[in-house]
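Using the sequences and the accompanying hints, generate a full structural model.
Protein chains: 2
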Amino acid sequence: MDRRELIKLSAGAMLAGMVSGAAAAPAGKAGKQVEQWGVFEAAFPGPATGNPFVEVQFGARFTFGHRTVEVAGFYDGDGTYKVRFSPDTAGQWSYETSSNVKELTGQSGGFSCTAAAGGDHGPVLTAHNFHFQYADATPYFPFGTTCYSYGFIGEPYAGETLKNLREAGFNKVRICLLPKPLGKLQPVAMPYERVGEALPPGAENLADSSTSKEQFDLARFNPAYFQQFELRVQALMEAGIEADVILFHPYDAWGFKAMGPEADDRYLRYAVARLSAYRNVWWSIANEYDLVRSKTMADWDRFFRIVQESDPHSRLRSIHHSHVPYDHSKPWCTHASLQEYDFERSGERLAAWNKPIIYDEIQYEGNIARRWGNLSPEEMTYRFWRATVYGVYATHGETYMSTDGGPVWSDAGRLHGSSPARITYLRKLLERTGTTGLMAAEKPYYLNAGNPGQVILYYFDYHCAGEYEFPLPGNTKFKATMIDPWAMTETPLAGVYSGKSKITLTGRPHMAVLFERAGA
Amino acid sequence: MDRRELIKLSAGAMLAGMVSGAAAAPAGKAGKQVEQWGVFEAAFPGPATGNPFVEVQFGARFTFGHRTVEVAGFYDGDGTYKVRFSPDTAGQWSYETSSNVKELTGQSGGFSCTAAAGGDHGPVLTAHNFHFQYADATPYFPFGTTCYSYGFIGEPYAGETLKNLREAGFNKVRICLLPKPLGKLQPVAMPYERVGEALPPGAENLADSSTSKEQFDLARFNPAYFQQFELRVQALMEAGIEADVILFHPYDAWGFKAMGPEADDRYLRYAVARLSAYRNVWWSIANEYDLVRSKTMADWDRFFRIVQESDPHSRLRSIHHSHVPYDHSKPWCTHASLQEYDFERSGERLAAWNKPIIYDEIQYEGNIARRWGNLSPEEMTYRFWRATVYGVYATHGETYMSTDGGPVWSDAGRLHGSSPARITYLRKLLERTGTTGLMAAEKPYYLNAGNPGQVILYYFDYHCAGEYEFPLPGNTKFKATMIDPWAMTETPLAGVYSGKSKITLTGRPHMAVLFERAGA
Chain G
0 MDRRELIKLS AGAMLAGMVS GAAAAPAGKA GKQVEQWGVF EAAFPGPATG NPFVEVQFGA
60 RFTFGHRTVE VAGFYDGDGT YKVRFSPDTA GQWSYETSSN VKELTGQSGG FSCTAAAGGD
120 HGPVLTAHNF HFQYADATPY FPFGTTCYSY GFIGEPYAGE TLKNLREAGF NKVRICLLPK
180 PLGKLQPVAM PYERVGEALP PGAENLADSS TSKEQFDLAR FNPAYFQQFE LRVQALMEAG
240 IEADVILFHP YDAWGFKAMG PEADDRYLRY AVARLSAYRN VWWSIANEYD LVRSKTMADW
300 DRFFRIVQES DPHSRLRSIH HSHVPYDHSK PWCTHASLQE YDFERSGERL AAWNKPIIYD
360 EIQYEGNIAR RWGNLSPEEM TYRFWRATVY GVYATHGETY MSTDGGPVWS DAGRLHGSSP
420 ARITYLRKLL ERTGTTGLMA AEKPYYLNAG NPGQVILYYF DYHCAGEYEF PLPGNTKFKA
480 TMIDPWAMTE TPLAGVYSGK SKITLTGRPH MAVLFERAGA
Chain F
0 MDRRELIKLS AGAMLAGMVS GAAAAPAGKA GKQVEQWGVF EAAFPGPATG NPFVEVQFGA
60 RFTFGHRTVE VAGFYDGDGT YKVRFSPDTA GQWSYETSSN VKELTGQSGG FSCTAAAGGD
120 HGPVLTAHNF HFQYADATPY FPFGTTCYSY GFIGEPYAGE TLKNLREAGF NKVRICLLPK
180 PLGKLQPVAM PYERVGEALP PGAENLADSS TSKEQFDLAR FNPAYFQQFE LRVQALMEAG
240 IEADVILFHP YDAWGFKAMG PEADDRYLRY AVARLSAYRN VWWSIANEYD LVRSKTMADW
300 DRFFRIVQES DPHSRLRSIH HSHVPYDHSK PWCTHASLQE YDFERSGERL AAWNKPIIYD
360 EIQYEGNIAR RWGNLSPEEM TYRFWRATVY GVYATHGETY MSTDGGPVWS DAGRLHGSSP
420 ARITYLRKLL ERTGTTGLMA AEKPYYLNAG NPGQVILYYF DYHCAGEYEF PLPGNTKFKA
480 TMIDPWAMTE TPLAGVYSGK SKITLTGRPH MAVLFERAGA
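Protein chains in written order, with numbering that gives the first Met the number 0: chain G, 0 to 519; chain F, 0 to 519.
Simulated from the structure, these hints should not be mistaken for lab results.
Hints may be right or wrong, so weigh each one.
All copies of an identical chain are treated as equivalent in the list; a pair is satisfied when it fits inside any one copy or across any two copies.
Claimed, not checked - Restricting the straight-line Cα-Cα distance to at most 27 Å, the calculated cross-link-like pairs of lysine-lysine (BS3-like) are:
(1) Lys183 <-> Lys499
(2) Lys329 <-> Lys31
(3) Lys101 <-> Lys499
(4) Lys101 <-> Lys329
(5) Lys101 <-> Lys183
(6) Lys183 <-> Lys501
(7) Lys478 <-> Lys329
(8) Lys101 <-> Lys427
(9) Lys329 <-> Lys499
(10) Lys329 <-> Lys501
(11) Lys256 <-> Lys329
(12) Lys478 <-> Lys499
(13) Lys442 <-> Lys101
(14) Lys442 <-> Lys478
What follows is the structure in structure tokens.
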């Protein structure tokens, strides 16, 4: 069996898994039930000849009372056309298909949208100007990580990734939709049909984007590739983990970073039609966009607009840079996604862009020789704390050298570091406070952020103060807790604090003090 | 006995001590011997009436072969006029006095200058563009600290300071010439004669510069104040410690920071006449000059020129800022003295100023509430390492809260921290390598500095690399040593390294690797 046959086999197996999946609801008969923010899917037979990817237009109009939502469908191979939609409101929905092909036109049906099950808070949206919350208004604080290859690396690594993500407690992960070279490993499939035979494994130098000899038909997607990617996204969704889907990136061995505008735009529309109904999807237009030399700023802007216009669910949209920050004030950006760790500039950035900021690459915990990949776990932990008291968010990454031939965490697999436990501790601490998102104090003497009448979190960074007179605002009475961010210990301080409050501190670095409004 | 009498008594005692001191050689008879870079002093009786400080001009011309050096003298009280001179060349020197007073005119004498004793390398000068060396060409790397009040705080604190300086191994200390408030302690004397009675101790709020009720005659110095200061400077000299004498500062309870130009200039000339002959004296025109609101930039420039013109020994000259850096490219600055710790900007500063840089205030190890005064010892240590691999120098300071009513180290007294041992370890490491001063690598992948064919010092800062391929320059063969800057341990690595050399590292942060030319 050659690789091509293997991929076809796996595509078939995955499609079957998809249809029977808990969250995807195949339609065709009335009376079907879908949970609020779940995935409704309808499949229809249609033409399998010619090139359905470019010759067939297909979509559906979903109706709920006075509302209508136009949703693009997609060709899923083997003569099957699908449309996916995630209803945001409980009640009775109906739909009717449209197409340039007769048999796909005027197909109609409906479903009953039931209340969301416990634990499903809906998709994440921006909120309170600089923060995020779920659709049900539960605050969401992104404390994510990066596993670029989770979506196409296959087992056992994808399963290990999910297990480690869950155990570590990350609630967001950055994943690439297009494949990237994996050293001695291979992506499970390719997103496009090959032209000619596949090269035997090992014949390509996957680490060098200039040397792949394989050719692809950029007008014909490989549905199996996307099907298995969707299973990975769905698994994240079920685990409560947001999938920050990276649409373009420069780590390419096959030419997918330079397909040209027609293929780029077709790819984007296909990706949005397939993935947007998953409520945990965010769109990251690119990773290190400025390293993709074949594209211009006009291309990136156009990609944003295509995603914005073609996504009926309006998932979050951002773009991530290497050296040249994008102008995140552009209206199609929902939040800024940065590769920086100069959190002290957060104030000016928040003011300039007027939207939330996630420092999505703050270097990696690890021990590789590259200087971006060898932070100590302590340094990674303290960067998260610094981000927090600057009123912004950060994203973890890990690059410990592999000792067993498996991938490093930044691609997929197993976590080895000790910062993730501390990162999740910080997220849970924020969630416990009831804040809707911390705002950095202006010109603080020591770094702190909060919602001043409710909660104030001080982080002393490298300062080893033995005491400090905290200038607590207003007449609010606070209780205080001493926090060791590394040991993850909390020491409640006796008494109630108001106004200028001198407190004896440990004299050790990297300590924090949390003030919470006292009493009910 | 009131305070005034106490001061007079102490002045007399100190004057006697001075004359019998090992380094000061009273003259008046021929055949006197003075070591090279030692202090020659000649004293003459003269008018004690009127105001000798302003009415009597007095100095001497020192002659060595074809060279003559004009040296200003000073009135030392009690009808005694002195002139001090530090000969830089062994051989026979002669002098003749000049004055606007007959009895102080035309006094002549001489001395034989003998070779410097072992351990006396002479005064420190700038060298190799960005570095320092002693007059005998021995490299000097400033690894100093700050004890502002050492010169006027008196015993037991001054003695403790000296003992701690020696034991810690600092080779430079920043000290204020004018007094600063000391909380519940009192300066041993005042530099000017009081007008009216001294207030009883405790009557002044010394911490508040606006409230001292004492008045001083700014045309009449108090020689006792300067005499005891000189004893402190001489003790430093004998311990091999450079005295970075701060001439003005903003920490003032008595109005000395706003005396007006006539008194300022007289003070500078008096200070230079008294102190310049001590070979360990450096002139720091001010500490935090920009916080002295009563003076303009033209004043600071004038002070530099006065010191430059009136100092026959051309001691080093700098000025230290708080928020607004001085233009250190001005020709009278011998080196830059900064209050910063953004060492990453050293390259542009070295290029702009073209002279050595000492980051003379990089915050303080300690535990006080002020954010500049509570670095961990690790952080202080790593700042010294960062400075070193950026090709610049740094100065220590310490502010642990006093638990016994004594001063904190930044004034005087006892060291409590654990960074000084590491700082001195780094100095001795540099001295051992034989470098004349490290130059930072241009655009280094990991921070390093060296003299490329001789020695290269890498410091990995927060990077926990598990391995790295060092790009060693040229064909030079190096031996390598792994260094733990905090543990102060050195692990020689087996073998000889040349060109691209991959070395297994510890994967721990804040490690260093030293390459030294192999063989003879």
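Practice problem: Report the numbers of all earlier hints that the structure fails to satisfy, in ascending order. | Solution: 2, 3, 4, 5, 7, 8, 9, 10, 13
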